[in-house]
Amino acid sequence: MSIVVDFRDAVVVFNGFPALAEASIEVRRGEIVLLQGPNGAGKTTLLRACAGLLPIVRGEASVLGVDLCVDRQSVRPRVGLLGHANGLFADLTISENVLFWAQMVGAKVAEVASTLQRFGIDGRLAEQKVMQLSAGQKRRCALACLVVRRAELWLLDEPHAGLDATARDEIDAIIREACAAGATVLIASHELERARGLATRSVSVVAGRVVS
Amino acid sequence: MDHLGFIAVVYGTTFAVIIALVVRTLSQGRDLASKVADKDKPWT
Amino acid sequence: MSTQLSLGRVARAVAAKDLRIEMRSRVVVNQVFPFAGLVMVMFAFALDNDDVLTRVAGGLVWLATLFSLIVIIQRSFAVDTADGALEAQRVAGLDPAGIFVGKALAVMVQLVTLEIMLFVAAVVLYRVQLHADGAVLLVTCVLSATAGLSLVGTLYGGLTAGSRGRETLLPLLMLPVVAPVLIGATRATESAFTSGGAAVSDGWPWVGVLVVFAAVFGLGGILSFGSLIEE
Amino acid sequence: MDAQTFNARVATPTTRLVGAMAIVSLAWVVIGGLFITPKDVDQGDAVRIMYVHVPTAWVAYLAFIVTAVASACWLLSRKHSMGFDRVAGASAEVGVVFMAMTLLSGSLWGRITWGTYWAWDPRLTTTSFLLVTYIGYLAVRGLGGSLEQRARRSAVIALLAVLEIPLVHFSVLMWRSLHQKASVLSGDGDIKMDGSMLTTLLVGVIGFTMTFAWLVLHRQRVLAMQDAMQMTQLDAALRERADESKGLK
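Residue numbers (numbering that gives the first Met the number 0), protein chains in the order written: chain Z, 0 to 211; chain U, 0 to 43; chain C, 0 to 230; chain Y, 0 to 248.
Please keep in mind that the hints were generated in silico from the structure rather than gathered at the bench.
Possibly wrong hints are sitting among the right ones.
Only part of the chain Z face toward chain Y is listed, based on derived beta-carbon distances under 10 angstroms [said to hold, decoys possible]: (1) V10; (2) A40; (3) V56; (4) G122; (5) R175; (6) C178; (7) V202; (8) R208.
With beta-carbon atoms standing in for the labels, derived distance ranges [stated by the list, open to error]: (9) U:T43 <-> Y:Q232: 45 to 55 angstroms; (10) C:A45 <-> Y:F34: 29 to 39 angstroms; (11) U:A19 <-> Y:S76: 25 to 35 angstroms; (12) Y:S76 <-> Z:Q131: 20 to 30 angstroms; (13) Y:T198 <-> U:D1: 44 to 54 angstroms; (14) U:V8 <-> C:R25: 33 to 43 angstroms; (15) Y:A235 <-> Z:V69: 20 to 30 angstroms; (16) Y:T198 <-> C:D132: 39 to 49 angstroms; (17) U:S26 <-> Y:T13: 34 to 44 angstroms; (18) C:A45 <-> Z:V69: 16 to 26 angstroms.
30 angstroms max Cα-Cα, derived DSSO-like pairs, lysine-lysine [claimed, not checked]: (19) U:K38 <-> Y:K38; (20) U:K34 <-> Y:K38; (21) Z:K128 <-> Z:K107; (22) U:K40 <-> Y:K245; (23) U:K34 <-> Y:K78.
Glycine residues also receive a C-beta, built at the ideal position from the N, C-alpha and C atoms.
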């Protein structure tokens, strides 16, 4: 199974508007694909559709070999979506957040500890409530959750937004590492220079279509 | 007739509401039918 | 490869997470509990008659519980929707039935705590009296009624979470459904307090109604929660 | 592009026939109910309210049965045909209106016969809960999202209402039976009917059922056209986006 994402003329409607208009894209295992394009072009919708969150109105779409027109559920445990929201519980500490997701996939506590360490989240920082963290720390925490979930396909929506240079470097390193471990990554980003350096390939999303 | 007011209110509101519903449904239908192509109207 | 977890383990993790969040933030304890106590005092102002208060104490406790239920459910889902965590749980493919049971369990723990406080308030403020045989009935009634309330609340809370106008839609959908719980729990509680000359044994059939209610909506929620929280 | 025709009519011979039957029988009810039938021995002229009240109540309950059945059909059918969902929605809309009329006519009748607008009778209480529940159902239909999601969500809510209503009815029944039976309710509904009264009531049931059928058929077609309009607009928006992407390339 080398083709991870396969959309053919897929139409996805969001709030009555065809946010994806007959979009076609193919992504192979191990690729890091950069999606570039103006706001409202359909990047976020493409990522959310890949996660099985939005119904495919017309056309064909499959992710990790699962036909999304038929089944949008079974693909979900295998993909990780990091959208504009981090999906964290603000009143819990970082380690509790990561532990929650680890429990959900049956991961070992030791694995959580080692993941946190790799992310440079240890000691006092790991015991801080998420609401006391900076934007970059929150993003790192969210990525750590994706790692413990062992997602095969990472869908990252503007992962660099609102972060300083150091935090961006750290996130790039995390993405490269995940990719080396066998994950496939789709990134939507406005940070073209930075993201091009990271990506193996880049495509444009224009008016709901994907243009290589 | 005893209780004429009560009976008049019951008959009056019931039929007025039904007529209003019918008129609304018909006008909506007429309005949409002139915009939607016949192929989308399986009953024609 | 991630594996699908069993309903029980998802439920336990979700319930533990919700309760831990409440222990940290203390929103329910610091805001909803005082609100419910205030409602009890307000009832006393409105009814202004000691005999009447003693007679209807059971109903007032359950009304205060219903009002608090709306707020607790909204808080329970606000925790999940504030930063997209409910969506993250959907994307992660967690068993929706597990999320449903887990959240209902957490709500149930909070509600039972609240009801203990309200019954103490009823004894102090409304001068109701409780005897040993009534206490057994009361405990059974509280547990079964609270199970029903938490399950229905979580079911409709999930449906309205994240939609426009959820603050107003939740009570509209939920209150008619929990009416049997209000009737049953109030009658059973009045029997437990033997208020208005009721006998303790009169209360047990009502507990039966409450148990059936909780079972029906528990099953209904397990089957349907997944389709209600989908976009 | 094939030539598109726009037939401005929604009616078909069937609905016209149903409509005509409805008009004739409703006219019969008005004339028969107000002028031809005699007074009831116990109720006097108040019995004339029954000729309208009983049929609307019947239609209101019928409407919610139709909604529940159509919802179950949508969930169970393999194709998830949107027709079921539209029938469910149309029937609930009509049912809510009929239920409100039933409560109004019922409470006016109660004022005359029982001396009170409202009694905590299980039937009355259940009916009012049914009304509120289906108002909530219509609110859920208006939540938005894709057509399929609207259908799934509202079907689930309709079936939950099927669980709720018997529980409400049973608990109110049990509640009232534990107290002394409300005396105003004794003798309720047991009217000694002569031939013309029975006929008028029967014609009323037929006429209001026909009205219901006509309204649901038409309303369901209106909903179908609204959904089709949405699809046409989607096509237009897709073409627009296609032009847009060509222009930007």
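Interface hint compliance - Z:R175 to chain Y, C-beta minimum distance less than 10 angstroms: Status violated, d = 32 angstroms.
Y:T198 versus C:D132 beta-carbon gap, inside 39 to 49 angstroms or not: violated, 59 angstroms
Check the following: the C-beta atoms of Y:S76 and Z:Q131 are separated by a distance inside 20 to 30 angstroms. With a Cβ separation near 52 angstroms, Y:S76 and Z:Q131 fall outside 20 to 30 angstroms, so the hint is violated.
CB-CB spacing for Y:Q232 and U:T43 relative to the 45 to 55 angstroms hint: violated, 21 angstroms
Restraint status (C-alpha distance of Z:K128 to Z:K107 at most 30 angstroms): holds, 22 angstroms
Take the shortest C-beta to C-beta distance between Z:G122 and chain Y; is it under 10 angstroms? violated, 45 angstroms
Do C:A45 and Y:F34 keep their Cβ atoms within the hinted range of 29 to 39 angstroms? violated, 50 angstroms
Regarding the hint that Z:V56 lies at the interface with chain Y, is the smallest CB-CB distance below 10 angstroms? Since the shortest Cβ distance to chain Y is 7 angstroms, the answer is holds.
Is the interface hint for Z:C178 satisfied, with its Cβ closer than 10 angstroms to some Cβ of chain Y? violated, 30 angstroms
Holds or violated: are the alpha carbons of U:K34 and Y:K78 at most 30 angstroms from each other? Measuring from Cα to Cα gives roughly 27 angstroms; hence the hint holds.
Verdict for U:A19, Y:S76 (Cβ pair) under range 25 to 35 angstroms: holds, 34 angstroms
Let's test the interface hint: is any C-beta of chain Y closer than 10 angstroms to that of Z:A40? Because about 9 angstroms separates Z:A40 from the closest Cβ in chain Y, which is inside the 10 angstroms limit, the hint holds.
Hints 4, 5, 6, 7, 9, 10, 12, 13, 14, 16, 17, 18, 19, 20, 22 from the list above are not met by this structure, while the remaining hints are.
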